[in-house]
Amino acid sequence: MVYLFYLFAAISVIAALVVVAARSPINSAIALVVCLLSIAGHYILLNAQFLAMVHVIVYTGAILVLMLFVIMLLNMNEEVEVRKPLITRILAILTAGLLLLVLLAATRQGLEMSAPESFNPGIGLVKAIGMALFHEFLIPFEVSSVLFLSAMAGAMMLAKKDGTEHVNLPPSSEPKDPAA
Amino acid sequence: MEDVMTAIRVVPLDHYLILCFLLFSIGMAGAMLRRNILIVIMCLELMLNSVNLLLVAFSAYHGDAGGQVMVFFIMLVAAAEVTVGLAILVQLKRNTEGVDINQLNRLKW
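Note that the protein sequences, when read in sequence, are chains U and R.
Reading the first sequence from the start, the letters are residues 1 to 180 in the numbering used here.
Reading the second sequence from the start, the letters are residues 1 to 109 in the numbering used here.
Please note that a few of the clues may not be correct.
To be verified - Below 25 Å or equal to it, Euclidean Cα-Cα: the simulated DSS-like pairs (lysine-lysine) are: (1) R:K108 x U:K160; (2) U:K84 x R:K108; (3) U:K127 x R:K108.
These are computed hints drawn from the structure, not numbers from a lab.
Given these sequences and hints, build the entire structure.
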């Protein structure tokens with residue numbers, strides 16, 4: 001079990017690095033799939049079975065497919081990639097390293113959490129999560145459906161073509177609309 | 001269930017902390033490094049997932065289901081956020097012929 005944790009940890013960190021460093025967006029998306037699946041493995045190691053299933057379905061099933069659709073729809077490849085200047089990149093890495101240092105230093109000795117000796121290891125199962133979700137968190141659960149509805153409507157509003165003239169649009173990029 | 005309980009506790013919580021901090025820092029570095037909006041959205045997902053993993057670890061160590069329900073809600077919000085973000089990305093590509101995040105600086109005016 002311990003080896004599995006370190007295996008999944010190494011996979012997720014390496015895949016996250018590939019997400020950031022890959023030139024082509026499609027390589028980043030594939031690396032993100034690997035990273036998210038390894039995180040699902042962590043969930044299973046923690047006995048959070050319901051969350052592992054939901055994670056795989058939502059992230060690799062919905063979000064990553066959406067991203068791959070967008071990559072292919074917009075024809076992103078290495079040629080269209082732009083890079084920031086070197087000084088910006090160095091500063092970005094330095095800032096993230098400083099953040100990591102601060103986080104590690106803040107929790108270096110302050111995390112002496114005494115876990116309860118007798119606890120229920122079955123909290124990640126579907127039954128326990130469902131009980132918590134529909135008893136304690138019923139109102140947030142219902143509100144999140146409103147959030148989803150507004151996100152859906154907002155996405156459709158945003159992605160809809162408006163009638164205004166677009167700037168810098170080369171004539172060959174989209175087919176002529178005969179109705180226009 | 002006893003073996004599950006010991007199996008969860010085998011890995012110390014500090015290691016989960018270090019892993020999640022690493023993932024969060026990598027995601028933040030990517031959000032600052034890259035100019036492609038899609039990669040920035042992916043890095044946001046990475047950061048959200050590192051926080052999710054930490055919440056699940058704390059929840060499993062404490063035997064409290066509330067943390068896992070919170071992770072569920074974070075997943076919902078992430079799905080909604082990605083939907084709207086990709087719609088904005090498609091619109092940006094349609095209007096400026098690029099996915100460069102620096103083109104958004106004209107929103108200042």
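Comparing the hints with the structure gives:
For the suggested pair K108 (chain R) and K160 (chain U), the alpha carbons sit about 24 Å apart, so the restraint of at most 25 Å is met. The suggested pairing of K84 (chain U) with K108 (chain R) holds, with an alpha-carbon distance near 20 Å, which does not exceed 25 Å. As the CA atoms of K127 (chain U) and K108 (chain R) are separated by approximately 50 Å, the hinted pair breaks the 25 Å bound.
Checked against the numbered hints given earlier, this structure breaks only hint 3.
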